[in-house]
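Input sequences plus hints: build the corresponding full structure.
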Amino acid sequence: MNNIKRYLGLVWMVLGPAGIVFGVQQAIRELSASAATPPTQETYTFWIIILAIFVPIAVGMSLMGYYAWQGDYDEIS
Amino acid sequence: MATTADPTPVAMTTEEKKTIRAVILASSVGTLIEWYDFYIFGALASIISTKFFPDVNPTAAYLSVLATFAAGFVVRPFGALVFGRLGDLVGRKYTFLLTLVIMGGSTFAIGLVPGYASIGAAAPILVLLLRLLQGLALGGEYGGAATYVAEHSPAHRRGYYTSWIQTTATLGLFLALGVILATRNAMGLEKFGDWGWRIPFLISAFLIGISIYIRLRMNESPLFRKIKAEGKTSTNPLKESFAHRANMKMVLLALFGATMGQGVVWYTGQFYALSFIEKTCNIEFVEARNIILIALAVTTPLFIFFGWLSDKIGRKAIMMLGMFLAIATYRPIYQAMYRLADLNSKQEITAQTRNTVSNARVEGGTQITTVVSKVFSDGARYKETSKVIQPTDVSAPVPKPVVLKELNLSKTGFWMMILLIGIQVVYVTMVYGPIAAFLVEIFPTRIRYSSMSLPYHIGNGIFGGLTPYIATRLTTHLGDPYAGLWWPIVIAGLCLFIGMIYISNKVDQNVAD
Chain A
0 MNNIKRYLGL
10 VWMVLGPAGI
20 VFGVQQAIRE
30 LSASAATPPT
40 QETYTFWIII
50 LAIFVPIAVG
60 MSLMGYYAWQ
70 GDYDEIS
Chain B
0 MATTADPTPV
10 AMTTEEKKTI
20 RAVILASSVG
30 TLIEWYDFYI
40 FGALASIIST
50 KFFPDVNPTA
60 AYLSVLATFA
70 AGFVVRPFGA
80 LVFGRLGDLV
90 GRKYTFLLTL
100 VIMGGSTFAI
110 GLVPGYASIG
120 AAAPILVLLL
130 RLLQGLALGG
140 EYGGAATYVA
150 EHSPAHRRGY
160 YTSWIQTTAT
170 LGLFLALGVI
180 LATRNAMGLE
190 KFGDWGWRIP
200 FLISAFLIGI
210 SIYIRLRMNE
220 SPLFRKIKAE
230 GKTSTNPLKE
240 SFAHRANMKM
250 VLLALFGATM
260 GQGVVWYTGQ
270 FYALSFIEKT
280 CNIEFVEARN
290 IILIALAVTT
300 PLFIFFGWLS
310 DKIGRKAIMM
320 LGMFLAIATY
330 RPIYQAMYRL
340 ADLNSKQEIT
350 AQTRNTVSNA
360 RVEGGTQITT
370 VVSKVFSDGA
380 RYKETSKVIQ
390 PTDVSAPVPK
400 PVVLKELNLS
410 KTGFWMMILL
420 IGIQVVYVTM
430 VYGPIAAFLV
440 EIFPTRIRYS
450 SMSLPYHIGN
460 GIFGGLTPYI
470 ATRLTTHLGD
480 PYAGLWWPIV
490 IAGLCLFIGM
500 IYISNKVDQN
510 VAD
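Each protein sequence line maps, in turn, to chains A and B.
For reference, each letter of the first sequence is one residue, going 0 to 76 in numbering that gives the first Met the number 0.
For reference, each letter of the second sequence is one residue, going 0 to 512 in numbering that gives the first Met the number 0.
Calculated from the structure, these hints are not laboratory results.
Any given hint could be a false lead.
Here chain B is said to cover these stretches of chain A; the calculated rule only asks that three of the stretch's residues, wherever they fall, bring their Cβ under 8 Å from a Cβ of chain B [stated by the list, open to error]:
1) 2-16
2) 55-61
3) 66-72
Think of the CB as a built atom: it goes at the ideal place given N, C-alpha and C, for glycine as much as any other residue.
The following block contains the structure:
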C-alpha cells in the first residue's frame, strides 16, 4: 500500500501543473479576440477569479504529491 | 492521524451532560444565525441584482450577483486564516464572538444600503464590501464552533456531538428560505420586491443579539484553558500550521481527501439543485423553495445519525460512501428531475389554454404583456409571461422581450421532486455529518482552529461555493442541461480516490495532544 501511495504521489505532482495549463488554455481560448463570441466583462471576471484561486490550489496538489512521493503519508493506515 | 487510545467509553455525569448540552446550544445557535445571514443574500440574488446591479440584460445582472456571491465564498479562506490565528492565540470563545458581531453587523447594514437608483455606483460597491465582511466572518466562525464543541466532548461521542454543529448550515438555509417566504407572503409580491426584501436582513440584528447573550455566558474550551495555563499555546499558529511539513501534509490531505469532495456534494445537493429546478426546469419561485424546504426538513436529522454512526464505524467509511453514491447517481437523478418538468412529455388540455395580451403606457413606449396559461392532464400548470416595450420612436430598435416561465408541478410530480432532492441531501448528511469530528481529530489543540479552518473553507467556500456558478456556466456553454454535473462528479471522484488511498478510518480518541 505504501508503494501505491508513493507512486500516486507522482500523479498528483503532475496533476497540479496540468490543471494550471488546462485552466490557462481555456482562459486564453475564451478571452481571445477570435473566440466564437466576443469576451464580456463577466467572462474576464470569471477567469480572473478562477485562475487566481485555483493556481495556488494546484500548487498545493503538487506539494501533496511531493510529500506522498517522499513517504510522508506512509504511517497513516 | 494519531494513534488510537483506549476506546472504552466512560459514562458522563448528569452535570457533564448538562454542560455539553449548553455548549452545543451556544455554539449551534450562533453558527446557525451566521449561516442564515450568509444565505439570505444568495436566496435573494435575483431581487438584489435589480436593486444594486442594474443591467439591461437580466442574466448579466444575475451573474454579477453570483460573482458577488462567489466573492463572499472566496474570502472565506482568508477569514479562516485571520480568525483561526486569533482563536489559537487568545481562545475559541472570544474569537467566535467577534465573528458573530461582524457577521450580524454586515447583514444588518446590507438591509440599510440605499439602492442604485438613489446613490448610484456607491450602492453595489457598499454591498460588495459588506458581502466580503460576511465571508470573512463566516471563515472564522465554523472552525471555532466545531473546535469548541469537540474540545468539550467525550472521545466516544465526538462525532455525535459535533454533528449538531453540522446541522446548522442546513437549518440556516431552512430559516433563511422560511423567513423570505413568510415575509413575501405577508407583504405581497409588489411590496416585497419594492422594500420588503430588506426585512430578512434587518431581522438578523435581533437574532445575533440573542446569540451573543448565550455565548457570553459560556466558558472557554477546557483543552485550550489547559494548554494556556501550561504556557503551551502557539506563538505563531499560522507558521506552525502551514510552514511545518508534519502539519501541512495533513492540511493538504484534509483538503484533497475530504473537504473538496464534501464541499461539491453539499453545494450540489442544496444549491445547484435549487438553481436547476428554477432555471432549467422553470419551477415557479415559491414551489421551488417549498420543494427544497421539505426535502431539508425531512433529511436534516440524518446529520445527527451519521455523526453518531461515525463514532461506531469511523468517519472515513461514511464520508467516502456518500461521495461514491453522489458520483454514481447524480446524472440519473437530474435526468429524472428534468423529465418531471418536461412539458413535451405532458398532455395539454387545450380547452383550458388561455392567451391574453395587454398594453400599458410606460416611459419611452408601450409595454406589451402576453400571458399564456396551460393546464396539463396530470394537473401541472404552466404560465409564460412575455413583456416587451414597443418604443414610441418607430425607428428605435425593439428590445428583446423579457420572458418568465413558471411551472407548477402536479401533486405526484411535486412529491417526486422532493424525493429526488431529498436523496441528494442524504448524500450531504453522509459527507458533512462526520467531517467536524474528522478535522478536529487530525490536528493538535495548539493550532487546531487555524489548521482545520483553512481546508474546510477552501473545500466548502471555493470548491463548493463556486459549484452553482461553474455548473451554470458549463450548462450554458455546452448547451447540455446536465453538463454542470461534471464539476461535482470530477471533483468528488478525485477526492474519493485520494481519500480511499491516504485517509485512515481510525477514530482518534485523544484530541488533547
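Review point. Count the residues of the segment 66-72 of chain A with a beta-carbon closer than 8 Å to any beta-carbon of chain B: does the count reach three?
Key: holds (count 4)
Exercise for review: Would you check chain B against the segment 55-61 of chain A, counting CB to CB pairs closer than 8 Å, and say if three or more residues qualify?
Suggested key: holds (count 3)
Review point. Checking C-beta pairs, does the segment 2-16 of chain A have three or more residues closer than 8 Å to chain B?
Key: holds (count 4)
Violation of the numbered hints given earlier is absent; every hint is satisfied by the structure.
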